[in-house]
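Using the hints, position chains G and W against chain F.
Residue numbers (the working numbering), protein chains in the order written: chain F, 1 to 520; chain G, 1001 to 1496; chain W, 2001 to 2099.
No lab work stands behind these hints: they were computed from the structure. Computed from a predicted structure; not experimentally measured. Hints are supplied without guarantee of correctness; some may be wrong.
[Said to hold, decoys possible] Simulated crosslink set (BS3-like; lysine-lysine; CA at most 30 Å straight-line):
| no. | chain 1 | residue 1 | chain 2 | residue 2 |
| --- | --- | --- | --- | --- |
| 1 | F | K30 | G | K1462 |
| 2 | W | K2025 | G | K1157 |
| 3 | F | K30 | G | K1360 |
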Amino acid sequence: MEVTGFDTWVLSLAVFLPLVGALIVMLIPKAYETELKLVALGSSLIALVVGAYIAIQFDYGAAGELQFVVDKGWIDVINSRYIVGLDGLSLPLLLLSLVVVPLCLIYSWNHIPDPGNPKAFFVLLLILSTGMNGSFVSQDMILFFVFFEVVLLPMYFLIGVWGGEDRRYASLKFFLYTLFGSALMIISFLALFFLSKDASGQLLQTFDMRVLTDVAGVGIIKSTQVWIFAGLFMGFGIKVPMFPFHTWLPDAHTQAPTVGSVILAAVLLKLGTYGFIRIAIPFLPEGAIAWAPWIGLLAVIGIIYGALGCLAQKDMKRLIAFSSVAHMGFVMLGIATLTDFGINAAVFGMVAHGLITGMLFFVAGSIKERYHTLEIARLGGLLKSAPRMGWILGFASMASLGLPGLAGFWGEFPAILSAYNPGAGLSEEVFRVYMVIAAIGTVLAAGYLLWLYQRTAFGEPTEEFAEQKIADVNRDEWIAWMPFLIGIVLFGVWPNLIFNVTDDVVSGITASVEAIAAGN
Amino acid sequence: MEALLAFSRPALDWHALAPELTLLAFGTLITVVDIIWDDRSKQAMPTLAGIGLLATLLPVITLALDGTDRTMFGGAYVIDDFSLVLKALFLISGYVVILMSVDYIRDGDYYENEYYTLMLTSLLGMVMMSSSRDLISVFVALELLSIPAYMLAAWRKGGARSNEAGLKYYLMGVFASAVMLYGMSLVYGLAGSTAFGAIAEELGSLDSSPVAILGILFILIGFAFKVSAVPFHTWAPDTYEGAPTPVTAFLAVASKTAGMVALIQLVFVAFAGRDDVVQPFFWLIAALTMTIGNLIALRQTNIVRLLAYSGVAQGGFMLVPFAVAADAPARAVEAVVIYMAIYAFMNLGAFTVVLAVARKTRSGEIDSYGGLFQYAPGLAVAMTIFLAALAGIPPAGGWFAKFGLFRALLDAGGGWAAGLGVVVAVNTVIAFAYYARILGQMWFQPAPDGDERPVVMTGSLKAALAMTIIATMAFGILPGLVGHFGEVSVLSALGG
Amino acid sequence: MLLNQFLILGAVLFAVGVYGVLARKNGVMVLMSIELMLNAVNINLVVFGVQHGVVSGQVFALFVIAVAAAEVGVGLAIVLLLYRNRTSIDVEDFDLMRG
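For reference, chain F alone in the conformation it holds in the complex (with noise of 0.2 Å):
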């Protein structure tokens, strides 16, 4: 496809305009809050209307190829250019990336957690969003590196200065965990850059992600992928997170202000799995299909332990932490099969976590500001006192659980489906053993978050709290719970709105995979 004109801009400008935004509340002296909240506010929804305008324009006949590609000089010493381009995979997350940033400063128009500042805090989402839309659309890898850490410093400040009490320890393990897989990433990367060479063996020497998915690691031996794709799983694996790496997302989460709980779940999350679906897959087939079945194992063992953890939990939020492990253990399960259907559910599997998982987290800290606690065994009653966000609550754990006819359905079931019949010579006894782990998992889920749901919102409300007056769902919160309620049912009755715009991409990815797997 030909760009030209405005189309050569959007993508850039759904990258940037938040962080212009950002650097213009900066300089808006604190005592305007009213001001600096509605420039930060209009910054994001107007990058969204620019989505939305790319998601218009969007060719999903030709899904599979980048489209609104951009391709300038940048650090022409190491051959590192500005790339940035979308296709079928990328066009869901940065359209979910820049529906959840408008909606988090709705959600915290009036709800600026302790210690305030709302100046500092709109400032660092905005940060958070460029850095995180602009993860999704790079096309090469040194810009993708620089975008994936760009997230890094907002969030930390996010969980440090908003979050709770163990607050310092959380943003702290959080982000050394993710340096440090983000540095063994990095040696991956320029081991690509090195090593890659084309069909006719001559060495490429470019951080371009089209090119690399096109040679499809042909150079470079196996062993030697296995080690660069050990890298690039620490550096990914982390960030997903997978079992043994998850210790530092319960601690996070629980400890994050509510926004921040949502945008790691709904977004940061989602780029782990990314990284696996758009680089280390395609780059190194190889390395992937040594890799996957050891894949596979950790993610079963995420989603079992996930699932157990999240029975040992007494606070709500981190219960749903625990959970977000088990959904992140589906997702790449569906990746390691490595089959167009598995990864097709992986890819679903996140844009419905990220809706899922983001309500329940808004959720919880609603009932936190209300409550000023979280400790399961202390709430009840939640359908007598606020019925509405009690059915609210009702509704999110059931699209959690799995429920056919709501958006976490299609991420999980497919998932599991796709175990039963691996991809590329994978062992079918193996994978068919983790379907069944996997499908115990989802009995498991069922029962934790109905346990969940009993607990918190059935009954009468605790002794403690039955004097008290409970608001309902307020204003606010409508606005920014009601799309990701919509979302949740149009994705579970309309799955193909998903699976048709990123079936191409994924399919392309497998075939060559395939290919590589038949040559062996």
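Coordinates of chains G and W only, in the frame set by chain F:
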């Protein structure tokens, strides 16, 4: 007698020497003005020194535009792109240090005029160092930059800590010089020449001469003291803590860079054939320096000491490319030059913030940074940028420096290089742990004693801060700027 | 020529100097030890210069002598400063900060 009569003055290329001469002229001018007008001239001194540095930049720029390599004194002194890039770096760092010094030196009880003269003299040594291609000129340049620095470290004459800083720096520095000289005498004995090119030829042909190995090691150890590499770093934290803060910044940045410049010339040119000695030596030293510097930094409670140990660790990062000096020479030189350039700005920036905060809190303890984000958000954000840069987090500049290291290592390839890469990765993480302590203090903690008066910034501090922030961010977002300088340095450093 | 003997002399002087720097506590004695090390260097340089028949060794030695004078000048000034402030020139007394 005949030899004496046959002596003819070597041809002098005045254009090539113009930077050194300008710097010398301004250093002298400050002294003369001081003698004539005495106290009345005090106000003008920093301005004069600043103008001197900027004036020196002019011939550097004209030489760069001219573009021809100029060689003097039988190859002992060379003006090429490599040297010009570094001269500019030294001069700009010096300028920032002068901006940092103005109020500090004026408000404290210090000799002012001599301070600036010595600063310029030391910078002259550094500017000479970048052109030196011969044992004698390296030695002279090294002493010219070191001797004024010994005095500057002890500049707070009445302060016991400053005295001690000067003494430790002096003793270690002189001892290191002596060790290095002994090594040089051995190398000279084997090569029969002091020129790097000739040394490279001779040393490369002597395979297993223990004297050659000893000579090389002694020279390298001498410079390891200068760049405060572990285990020769013990002077650095004490000297940094005791010396006046602007001097500390000067030592941590300019002095260290000068040592690195000498090492580049020695390792990549003079000892080019001896990777059997050089590469393992630097592998070990770099790994030790990074790791131990970082581990000790974790325990510091004083911010200057923390930055001192962080500087030791950063020096370790800079030494990493030397470990692949023979396997990937071009990438390695590039990596060191880029690292030095970015390091100069981010570290000077961090010291500027420390200076500014100390104007209010009168303390160097990390605890005193509590609440900075509440009462001085600008400084807190600036410090965040510098610390992020030091930690190597995009988009602040440092990431490209670290990236250069990884690039050199992977270009060299092989298990040892990859292993060192992992050591670098682990150290990046450790380093963030202590940078995060400062960040956490600034952002997450309330001000001690609830003292939330704003920090009074002076014009020169603001200027220093603006320069360093702009450079740090620009290098991070458009690394091509600094990458270009790295690239041109490679061509001439290895070509010569 | 007695090359080896001169070199051994240089090595011995150097070793004595190193020992002095490490073992002596008196600031002035430490300075003297460093002078010994530098003189060992000078001997080496001159001998090698003669052996190779080039003048650069002697020139180098002259530079070393000149620079050493400057260095010791500064060193004595610092030791004097310490003596004024602390009435001691024992280098081990100066341990306000421990690296």
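Cross-check of the supplied hints:
1. F:K30 with G:K1462: holds (21 Å)
2. W:K2025 with G:K1157: holds (22 Å)
3. F:K30 with G:K1360: holds (23 Å)
When the structure is compared with the earlier hints, no violation turns up for any of them.
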